[in-house]
Amino acid sequence: MDTLLQQLINGLTLGAVYALVALGYTMVYGIIGLINFAHGEVVMIGTMVAFTVIVSLAGSGMSPLLVLGIGLLVSVVVCMVLGWGLERVAYRPLRHAPRLTPLITAIGMSIVLQNVAMIVWGRNYITFPPMIDKQVYELGGASFTNVQIAIVTLAALVMLGLIYLVHRTRIGMAMRATAQNPHVASLMGVDIDRVIAMAFVIGSALGAVAGCMVGSYYEIAHYQMGFMLGLKAFTAAVLGGIGNLAGAMAGGLLLGVIEALGAGYIGELTGDFLGSHYQDIFAFIVLIIVLMFRPSGLFGERTGDRA
Amino acid sequence: MNDRLRKSAAWRQHWVGLLLVGATLLAVPFIAALGGQAWVRIANFAILYVFLALGLNIVVGYAGLLDLGYVAFYAVGAYTYALLASPHFGIHLPFWVILPFGAALACIFGVLLGAPTLKLRGDYLAIVTLGFGEIIRIFMNNLNAPINVTNGAQGITLIDPIRIAGFSFADTTNILGLTISGPQKYYFFLVALAIAIIIINVRLQDSRIGRAWQAIREDEVAAKACGINTRNIKLLAFAMGASFGGIAGGVFSAMQGFVSPESFSLMESITILAMVVLGGMGHIPGVILGAVLLTGLPEALRYGIEPLQRALFGRMIIDPESLRMLVFGLALVLVMRFRPAGLWPSSQRRRELTESTD
Chain A
147 MDTLLQQLIN
157 GLTLGAVYAL
167 VALGYTMVYG
177 IIGLINFAHG
187 EVVMIGTMVA
197 FTVIVSLAGS
207 GMSPLLVLGI
217 GLLVSVVVCM
227 VLGWGLERVA
237 YRPLRHAPRL
247 TPLITAIGMS
257 IVLQNVAMIV
267 WGRNYITFPP
277 MIDKQVYELG
287 GASFTNVQIA
297 IVTLAALVML
307 GLIYLVHRTR
317 IGMAMRATAQ
327 NPHVASLMGV
337 DIDRVIAMAF
347 VIGSALGAVA
357 GCMVGSYYEI
367 AHYQMGFMLG
377 LKAFTAAVLG
387 GIGNLAGAMA
397 GGLLLGVIEA
407 LGAGYIGELT
417 GDFLGSHYQD
427 IFAFIVLIIV
437 LMFRPSGLFG
447 ERTGDRA
Chain B
4 MNDRLRKSAA
14 WRQHWVGLLL
24 VGATLLAVPF
34 IAALGGQAWV
44 RIANFAILYV
54 FLALGLNIVV
64 GYAGLLDLGY
74 VAFYAVGAYT
84 YALLASPHFG
94 IHLPFWVILP
104 FGAALACIFG
114 VLLGAPTLKL
124 RGDYLAIVTL
134 GFGEIIRIFM
144 NNLNAPINVT
154 NGAQGITLID
164 PIRIAGFSFA
174 DTTNILGLTI
184 SGPQKYYFFL
194 VALAIAIIII
204 NVRLQDSRIG
214 RAWQAIREDE
224 VAAKACGINT
234 RNIKLLAFAM
244 GASFGGIAGG
254 VFSAMQGFVS
264 PESFSLMESI
274 TILAMVVLGG
284 MGHIPGVILG
294 AVLLTGLPEA
304 LRYGIEPLQR
314 ALFGRMIIDP
324 ESLRMLVFGL
334 ALVLVMRFRP
344 AGLWPSSQRR
354 RELTESTD
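Protein sequence lines, in the order shown, are assigned to chains A and B. Numbering-wise, the first sequence is residues 147 to 453 according to our numbering. Numbering-wise, the second sequence is residues 4 to 361 according to our numbering.
Simulated from the structure, these hints should not be mistaken for laboratory data. Virtual Cβ for every residue (Gly too), placed ideally from N, Cα, C. One or more of the hints may lead you astray.
[Claimed, not checked] To be clear about the criterion: a stretch of chain A counts as covered by chain B if any three or more of its residues have a C-beta under 8 Å from a C-beta of chain B, and this derived list gives those stretches:
1. 236 to 242
2. 250 to 260
3. 377 to 390
4. 433 to 441
[To be verified] Here are the simulated distance ranges between beta carbons:
5. 270(B) with 366(A): 20 to 28 Å
6. 100(B) with 265(A): 44 to 52 Å
7. 309(A) with 233(B): 36 to 44 Å
8. 224(B) with 216(A): 53 to 61 Å
9. 313(B) with 310(A): 54 to 62 Å
All chains, full assembly: derive it from the sequences and hints.
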């Protein structure tokens, strides 16, 4: 029982991070129908920038929370610029090109970002300085920390903000219109270029927040960390039905919980035949099973016939 | 009269072209050897990637099914060869038994992957194939306990080279006063195999099956309405693509003498896909060009960047390894930016792109 609760708590924390990153994928996909393959690298850059800011401010005598806040803010801004640049370089010039072309440019950009990060921050693991005094709480045999609470709360707040933005503001309305039909939206006076750029910018901001969370949760960062994180988050987005905001949130949380439960129970289930290093497999097996029965994800609408 | 003359002139040109290509292919390993055996190995890998890219081209280029886990089939082929021809299990079967077996096994895996994913389209298919590739890699990484099948992350070593009746491809021999090294022998083996694979691909392209694939790529519903059994034809695309991957894997194993899960990462799948798209999807010469370029470019950069930095700045400023990948990434972006249909697209595809103003 305590394993169950413990894994649920861990899974929820991880799931909140996946959900934030998944939102970045799903927003871009919902509007231009393309996978932003470099999104994972944006998250990684977010973590790295936050790390640099926090380390350089750590000795300045400011309160740790303020330092953390500044780190978060700077990394969000940097990632927003990065997301905007990514759209300009890798996506906008190719909007009418064959579908696979922007995929390759995005892969190219992600190779570039990874190697820039390696040049700037080195090829070794970076220890993320813990800025919050970690406190451990007990609940029914399971334990959780205040860092975990902060992550889940912040993620929930950010997601609420996003829902407000998409459903209650003018730019949100423009986004929904563009997602429905770009041509008609542009006839109604929506500036498509701006909307698409905004989707990238907002998605990258969410990614930066997620990046800071990963950094403070695992207290470690690496220039290759964006890859697996992005992959999992993308899986989460597809699981929920890509292009669907609520789907990405649900998919992220679900994936986090499934992974945590899988890692906790696989040994017992298979009589120690398979160990917890098979954790990564769960995400994909669940994905394949879900897509077999619901080919457009859990909450997805039926997509068009274009391949 | 005139007509026949023109025809014979065209034929002569054709033969001259073929002869030139043949002569170049014959000369490559000896020219490359001047720069060291490492360059011969690079040429070998370029051909190996031609196999892989052509295999993936069937799935992505012809049938239009975006497969991001293609490396799984490469891995199946490689591990099949490694397990059946190494001291790991003490089995040493000859290559002409294992290669077809590996191809068949990869083919079965292709169908296994294809069957549950037939209903999926576009990006959903992409992510499932990607997941499949990762699952295979994770299993290879961890199947060393409780029963040691794949030897985990250490991989399998001392794999037998290809041997035909006592003639081993691994070591140097003298033939008619000509010294031919191991990699050079593999080169000729690979070229022979490549010619066979290219002929199969050309024949497939214009066959009934090839046209059915292209029909599915353009419009699946219409293809179905025309009486094409889309399910079987799509499965066939997966199966054929996978078997080419399996063959390439087997040859890789024999050539390297060593396999480990590291060689079969997602990055590898992505590189092969980049070869197909960068060269020109669905166009055999384009795909071959893409494979050769993307194998050669990083290697050329590896040898070129260090002296260049020294010449420009007098010392090493940036780690050449990461600069190399940086240039590679930028090259991908720039090529696709200015040639969205690939470097050498088929004439039909080029027409489609320039005509559609939508």
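| Hint check against the structure, violated hint numbers in rising order | none
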